[in-house]
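Please take these sequences and the hints and turn them into a complete structure.
Chains as they are written, first to last, in the numbering used here: chain A, 3 to 110; chain B, 10 to 121.
Think of the hints as simulated: they come from the structure by calculation, not from any bench.
If you're wondering where the values come from, they're calculated on a predicted model, not measured in any experiment.
Be aware that a few hints might be false.
[To be verified] Far from chain B by the CB rule (all over 10 Å, computed), these chain A residues:
| # | residue |
| --- | --- |
| 1 | T22 |
| 2 | Q44 |
| 3 | N47 |
| 4 | Y71 |
| 5 | T82 |
[Stated by the list, open to error] Computed cross-link-like contacts, DSS-like style, restricted to lysine-lysine with a CA-CA straight-line distance of at most 30 Å:
| # | chain 1 | residue 1 | chain 2 | residue 2 |
| --- | --- | --- | --- | --- |
| 6 | A | K97 | B | K18 |
| 7 | A | K56 | A | K97 |
| 8 | B | K18 | A | K102 |
| 9 | B | K66 | B | K18 |
| 10 | A | K56 | A | K102 |
| 11 | A | K102 | B | K66 |
| 12 | A | K56 | B | K18 |
Cβ atoms here follow ideal geometry from the backbone N, Cα and C, with glycine treated the same way.
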Amino acid sequence: GIQVEQSPPDLILQEGANSTLRCNFSDSVNNLQWFHQNPWGQLINLFYIPSGTKQNGRLSATTVATERYSLLYISSSQTTDSGVYFCAVCFGDDKIIFGKGTRLHILP
Amino acid sequence: DSGVTQTPKHLITATGQRVTLRCSPRSGDLSVYWYQQSLDQGLQFLIQYYNGEERAKGNILERFSAQQFPDLHSELNLSSLELGDSALYFCASSVEPTGPQYFGPGTRLTVL
Numbered sequence: 003g004i005q006v007e008q009s010p011p012d013l014i015l016q017e018g019a020n021s022t023l024r025c026n027f028s029d030s031v032n033n034l035q036w037f038h039q040n041p042w043g044q045l046i047n048l049f050y051i052p053s054g055t056k057q058n059g060r061l062s063a064t065t066v067a068t069e070r071y072s073l074l075y076i077s078s079s080q081t082t083d084s085g086v087y088f089c090a091v092c093f094g095d096d097k098i099i100f101g102k103g104t105r106l107h108i109l110p
Numbered sequence: 010d011s012g013v014t015q016t017p018k019h020l021i022t023a024t025g026q027r028v029t030l031r032c033s034p035r036s037g038d039l040s041v042y043w044y045q046q047s048l049d050q051g052l053q054f055l056i057q058y059y060n061g062e063e064r065a066k067g068n069i070l071e072r073f074s075a076q077q078f079p080d081l082h083s084e085l086n087l088s089s090l091e092l093g094d095s096a097l098y099f100c101a102s103s104v105e106p107t108g109p110q111y112f113g114p115g116t117r118l119t120v121l
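Structural data, given as structure tokens:
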């Protein structure tokens with residue numbers, strides 16, 4: 003089956019720093035989404051991005067479907083950015099697989 | 010607030026029992042998804058419904074079943090519960106079958 007790998011698994015940064023999170027997938031996908039799970043457990047939709055680049059404030063994402071990867075950029079990190087970032091791909095008969103996530107800690 | 014509601018927030022039950030989790034999608038969303046999140050398995054896709062019909066099936070056990078009703082709310086039924094079924098169960102919804110998904114707050118199930 004399709005494999006989804008996220009890197010790095012953990013990231014500790016000082017407030018104000020920038021970061022890049024990566025999601026690799028092993029086969030063609032129908033779509034790709036990025037989610038943030040905050041420390042209270044809520045999953046928040048960040049981007050729906052099967053291809054191309056999107057920006058939303060300090061966050062942006064790029065998916066290169068032909069090379070089977072997606073990147074999530076966080077600029078000027080804030081403590082509220084802490085949590086786990088997941089990418090999720092939809093493939094085949096609309097099955098969905100989540101990566102294991104990147105756990106981000108932003109220190110004040 | 011995503012607009013997706015789930016009840017109950019917490020559920021504690023015993024092995025062998027049966028429980029029902031409920032989800033109401035965002036207004037206008039036709040598709041509902043169920044997920045299980047546990048420490049060892051991560052986030053697992055269970056099943057998707059679109060406008061009342063099953064659309065996609067993931068790693069859903071035979072002891073689990075779901076349905077989407079005419080008013081578009083959905084229920085996930087878990088039976089013959091085992092200790093390993095303890096997890097967070099999320100519901101998500103979207104307008105289209107493969108569109109952006111919005112998650113509810115989850116139901117935390119503890120099986121003792």
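Hints, verified against the model:
| no. | hint | in the structure |
| --- | --- | --- |
| 1 | T22 | holds, 22 Å |
| 2 | Q44 | violated, 6 Å |
| 3 | N47 | violated, 6 Å |
| 4 | Y71 | holds, 20 Å |
| 5 | T82 | holds, 16 Å |
| 6 | K97/A - K18/B | holds, 26 Å |
| 7 | K56/A - K97/A | holds, 24 Å |
| 8 | K18/B - K102/A | holds, 24 Å |
| 9 | K66/B - K18/B | holds, 24 Å |
| 10 | K56/A - K102/A | holds, 23 Å |
| 11 | K102/A - K66/B | holds, 20 Å |
| 12 | K56/A - K18/B | violated, 34 Å |
In this structure, the hints that do not hold are numbers 2, 3 and 12, in rising order.
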